[in-house]
Structure formats: C-alpha cells, structure tokens
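K.L.:
Chains as they are written, first to last, in my numbering: chain A, 1 to 419; chain B, 1 to 179.
Treat the hints with caution; some may be incorrect.
As the list claims (entries may be wrong) - Pulled a few chain B residues facing chain A out of the computed Cβ check, cut under 10 angstroms:
| id | residue |
| --- | --- |
| 1 | 115 |
| 2 | 119 |
| 3 | 120 |
| 4 | 149 |
| 5 | 150 |
| 6 | 162 |
Said to hold, decoys possible - Under the rule of at most 27 angstroms between Cα atoms (straight-line distance), these lysine-lysine pairs were calculated in the DSS-like manner:
| id | chain 1 | residue 1 | chain 2 | residue 2 |
| --- | --- | --- | --- | --- |
| 7 | B | 164 | A | 87 |
| 8 | A | 8 | A | 237 |
| 9 | B | 53 | B | 64 |
| 10 | A | 289 | A | 317 |
| 11 | A | 256 | A | 8 |
| 12 | A | 256 | B | 164 |
To be verified - Chain B is nowhere near these chain A residues, computed Cβ spacing over 12 angstroms in every case:
| id | residue |
| --- | --- |
| 13 | 29 |
| 14 | 50 |
| 15 | 153 |
| 16 | 273 |
| 17 | 340 |
Quick caveat, the hints were computed from the structure, so don't treat them as lab data.
Quick reminder that beta carbons are idealized off the backbone N, C-alpha and C, glycines included.
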Amino acid sequence: MPQTITEKILSRVIGRAVTPGEIIYPEPDLITTHDWYVVNFDSALQALGVDRLYAPEKLLISTDHEPVAVSRQAAERQHAVRAIVRKYGIEHFYDVGRGGHGHIFPMELGYVAPGMLVLAYDPHVTNYGAVGCLGVSLVVEISEVLACGSAWIRVPDTVRVNLQGTLQPGVTVRDVAQRMIVDLGSDLVDYTVVEFGGPALAAIDVDRRMTLCNTPVEIGAKSSLFETDQITEAWLKPRIGDRFEHIRSDPGANYKAAIDYGLGLIEPQVAAPPTPDNVVGVSTVAGTKVDYAFIGSCANSSLADLRDAARILRGRKVSAGVRLIVTPGTQQIAAEAAAEGLVKVFIDAGAVLTAPGCGPCAGGRIGPLAPGEVSINTGTRNDPGRLGPRDADIYLASPLTVAASAVMGRISDPREFVH
Amino acid sequence: MELNYRGRCWKFGDNVGVDGDMMPLEFALQRETRLDVLAPYAMTGLDPDFPQKVRSHDIVVGGKRFAQGNPHIQGLLGLAAHNVGLVCESIPRGSLRNALNAGLPLLPACPGITQRLESGDELEVDFRSGRVRNLTQNWEQTFDPLPAALLDIILAGGWQPALKRRVEEMLARGAAQPT
Chain A
1 MPQTITEKIL SRVIGRAVTP GEIIYPEPDL ITTHDWYVVN FDSALQALGV
51 DRLYAPEKLL ISTDHEPVAV SRQAAERQHA VRAIVRKYGI EHFYDVGRGG
101 HGHIFPMELG YVAPGMLVLA YDPHVTNYGA VGCLGVSLVV EISEVLACGS
151 AWIRVPDTVR VNLQGTLQPG VTVRDVAQRM IVDLGSDLVD YTVVEFGGPA
201 LAAIDVDRRM TLCNTPVEIG AKSSLFETDQ ITEAWLKPRI GDRFEHIRSD
251 PGANYKAAID YGLGLIEPQV AAPPTPDNVV GVSTVAGTKV DYAFIGSCAN
301 SSLADLRDAA RILRGRKVSA GVRLIVTPGT QQIAAEAAAE GLVKVFIDAG
351 AVLTAPGCGP CAGGRIGPLA PGEVSINTGT RNDPGRLGPR DADIYLASPL
401 TVAASAVMGR ISDPREFVH
Chain B
1 MELNYRGRCW KFGDNVGVDG DMMPLEFALQ RETRLDVLAP YAMTGLDPDF
51 PQKVRSHDIV VGGKRFAQGN PHIQGLLGLA AHNVGLVCES IPRGSLRNAL
101 NAGLPLLPAC PGITQRLESG DELEVDFRSG RVRNLTQNWE QTFDPLPAAL
151 LDIILAGGWQ PALKRRVEEM LARGAAQPT
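Working from the sequences, and respecting the hints, build out all of it.
P.N.:
In structure tokens, the structure reads:
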C-alpha cells in the first residue's frame, strides 16, 4: 500500500502498517518539554507513584520560555527544574545560555532527523517538520509518555500542499503561512498533517520551512512537515551525517486533499486581533499606530528572519515612542547574527536584544505590553493577553513588516522599503 | 459504567467556544479542575440557566468546531460535572483529547445532526455503538463511535484514572521500566 510520510513514520514506530483513523500507542524517538512543564510533570509522576522515567535518555528539556529569570518565582522554578533534572538523570537538559528555543536548536544540534517521531508538551514542536520529522504535541499527556513510554494518538489523514510560483518582493514565507491557514481552513485541516512539497521548495530554505510548519497547528492541524530534498540534505548532513535518509510520500499515497498553492499572488499579510487566522492584507490595517514591536518566537527567529529585519533596519532608527525587541531563536543564531553584523544593525537602530528562546511571545513574562498598547510582532499567537494585559492589541506579521512598522511607528507595508 | 444515555437535548450551534461560551476564561487561567467549582458555570456564556436546568444523562448537541479555541479542559469538565453526554458535528483535536481526559462520553463526528433535532427533544444515545435515537421526532441514525481504545478511557472515568490504572499494571509487571 502506498503511504504518506506520516503513515511511514508511524508504521515504522509501531512495527506494522497503520491505517488513518486507528488509535495507536507509539513510543517516540524523542520527547521534548520546556521549563514551564517540568515541575508539573514531576508532580504528576509523583502522584502516580512513579519515581523513574520510562526512557530518560529520550527526554530533552529546554529552558526557553523564561531563560533569564525575571521574578523570584521564575528563579525558584529554575532551581526546582535543575533538581528534577538531576533526580531523573536527564542528560539532554539545555539550561539558560546553552541551546535556546527548544523547537529550533535540537535541529541545529543533530537531535532531529527525517522520519523521526517526536512527542512534546508544546504545540509548536511541529517546527521539526522542516526537516521531515513528525512532531506532535500532547500537552499534559506528555506525562503519560514520560511514565509509560507512550500515549494514544489517532493516525491522521494528510493534506498535501504543493507550493508553486515565486514570492513577490517584500513578501515572505510568514505572509504565505498566515494566508494559507485561512485559505485551507480548519474544516479541511483539523486532525490532519499538512505535508508540503512542490516546485517552490527549491527556493525555501530550512529556516523558512520552520515558519511554514509553525502555523497550521493554529487551525487544528495535528502537525505539518516537508518532504526532504537537496536543501534538507545539505543542511542536515553536517549535523547528522549518515543518519540522514530521505523521506517522501509514495506515488499514489492517499491524501485527504491535494492542493496547489501559489506564492506569487500574495501581498504582505497581517493577522489582526484576536486570532492568528484573522488575516488581512497589510493595506487594510496600514497606519495603525504601534507602541511595541518584536521579532522572534519559534515562528520567526532564524538567521533568515534576522537578515530580513536587518534589511530594513540597517541605517534606520526605530521610531520615537516605539520599542523594538529582537530575540534570536538560539545561541547559535545569536552568534551568527553577531558575526554577520546583524546585532550591530539592531543596536544602532535602537532595538534591544533578549536571551535566545521564546522572547515575549511566551505570555509576555519578558517585555510585556501595558494595557491599551498596540504591538506588531512575529509571535505565534495574538489572543488577548498573549503579551500580558488582555486589553492590548496584537498584530502578527513578517519580520519585514514588523521592522518597517517599527521604523514608521505605525503598521506599514514593507514594500515601501524593499524593492 | 453505562454508556447508554437517555435525556433531553440541549442544542447549540457552530463554533461554540471553550473559553467564554462553555466556561469563563478565568477558571482556565487559574487551572481550576474541581468539578464542584466548575459545575455552576457550565455553558453559562450561552445559557445562564443551563446549570440549574440540566439533568444527569441529558445530551448536549453541538455543531461544527464544538469547544473551539485554546485547548483548555475547563469547559469540558463543566459538562462532565453534570454527567451529560456530548454529540457534535465536529470537535477540534485538543478539545477531543480534553473531553476524553474529562471522562465525557461523546460522539465526535455527527455531520448534519443539528438539522435533525431541537432543544428539548427526548434523545437516546448509545456511545458504544454510535446510535442516536430521537424519540420526539421519531428517527434513528448511527454515527461513528469512538474507537474502543478511547472508550476505555471514558469507562475508566477519564485520563487520570486511566493513566493510574496503566501505571499500576505496569508497576505490577515489574520489569516494564527499562531503567
């Protein structure tokens, strides 16, 4: 039977051919959680009388939600996390100053390979799909995986998206990602894995594939992933060597739907409050005054994203009365941004850099908004309260649009800056 | 546990929100999970009288994307607290997991059903077979039931009791944990 990538991965993991719709208990190749769900899983395990992890060698913990503790509560939590890590003998622990964002650095460091199954606490583990890995979030049920080795998942259908055409100047993959979830719609995507392929892949690097894999979960997708190609191979080979193997769906694999998606007609897109799929063309909201801009999050904190932002910020200043926060995704990205001179561009423009990780996007614990303020940023979500107070408006956009808006002090079309 | 419910229909439309419609958001932010605390607020965003009027084994019927929004469990716990069943046209992935975690019997995929019944209709729903009978309008239709593995979670009373049972079985087997 011809199989999709997802069916191949789940079949390998459970040792027989799977059928969409069936319930399986797969043991993942890797498990991830972050600093805000360590004390909690420890409590859950203690309540069950479990004092060992089923497979501690599979667990990777990242201190990315609040890397620099900015409250006594956070400092005490970090202290507790370190003790729990020692207690269970967790080897793959990336504390502040080590890895960075847990949806990004494990790919840089060779933890993630095509064809792997990763189960995680956090929803945006789907980023790993950028290199052909299936990442699925279970939220609190990750405790069951830690205690017993697996938890149930339903074998999902796949929606195939064939990307075609080329992007217009000033338009980025983030704009495509935002528009696409509206065009696909939750009725189609719910419970499915969105699988990307098509001729446009040749122009989309791994950094930008993460952005495309980050978004479908907002409308109910189980995960999203790319088939592998020469770009994946070139990026991963230095990191995982002989563990690299291509993974693609078989010809004739059964898709719930196969859609050709053109990149050329899209203009810069902005998600207006209050949800990520409330997406409009930038012209609709252009001119809205902003107080706050942020470039980062697991959706847009790669080197490619920082280069985009620097294209606009180089030689310009952030508008008076606007604060711009830049959060590189990982330690490695921060170092490369410094080596390339991007960090100097940001500092000269009047931006501030924060520690690698989620940045303000993790609930606004770092750099929150004040009530009544307006932010434009590259975060993952814009629900009321995402950056602190509920009565603050959050617009989501590409690094280009956010940088242009920071310079102008109002939501602005980046095509006025880049031609 | 009995999985055949007979009671009155409480019909709601499409896109019922788990936060606000089904339960005030504050309870999610407080991570409140006590059933007695949540019960008086169940569905009050759409029907303030629901908690007073609903009876055990009544059936809540939702349209498409029932319990949509951030996958907070509180709205589903609110229904479970009243010992009702849930039948809906569709439910997002996170809320399906939360319904099971709350031990709420449900039929998650009943396309078109909201066209065939009204609030107050007398319904009989067998969550094991997927059969829905409308005794008021005199029809019967069978939908896909939950797979047996997920019915087991409901029969156990939800995720935590099911996990407790799994762990106890695992520990009883002794060597199940490799480290």
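K.L.:
Each hint needs a verdict: does it hold in this structure or not?
P.N.:
Structure-based check of each hint:
{"no.": "1", "hint": "115", "verdict": "violated, 17 angstroms"}
{"no.": "2", "hint": "119", "verdict": "violated, 25 angstroms"}
{"no.": "3", "hint": "120", "verdict": "violated, 29 angstroms"}
{"no.": "4", "hint": "149", "verdict": "holds, 4 angstroms"}
{"no.": "5", "hint": "150", "verdict": "holds, 6 angstroms"}
{"no.": "6", "hint": "162", "verdict": "holds, 9 angstroms"}
{"no.": "7", "hint": "164/B x 87/A", "verdict": "holds, 22 angstroms"}
{"no.": "8", "hint": "8/A x 237/A", "verdict": "holds, 21 angstroms"}
{"no.": "9", "hint": "53/B x 64/B", "verdict": "holds, 24 angstroms"}
{"no.": "10", "hint": "289/A x 317/A", "verdict": "holds, 16 angstroms"}
{"no.": "11", "hint": "256/A x 8/A", "verdict": "holds, 16 angstroms"}
{"no.": "12", "hint": "256/A x 164/B", "verdict": "violated, 36 angstroms"}
{"no.": "13", "hint": "29", "verdict": "holds, 15 angstroms"}
{"no.": "14", "hint": "50", "verdict": "violated, 6 angstroms"}
{"no.": "15", "hint": "153", "verdict": "violated, 10 angstroms"}
{"no.": "16", "hint": "273", "verdict": "holds, 14 angstroms"}
{"no.": "17", "hint": "340", "verdict": "holds, 37 angstroms"}
Violated hints for the displayed structure, listed by number in ascending order: 1, 2, 3, 12, 14, 15.
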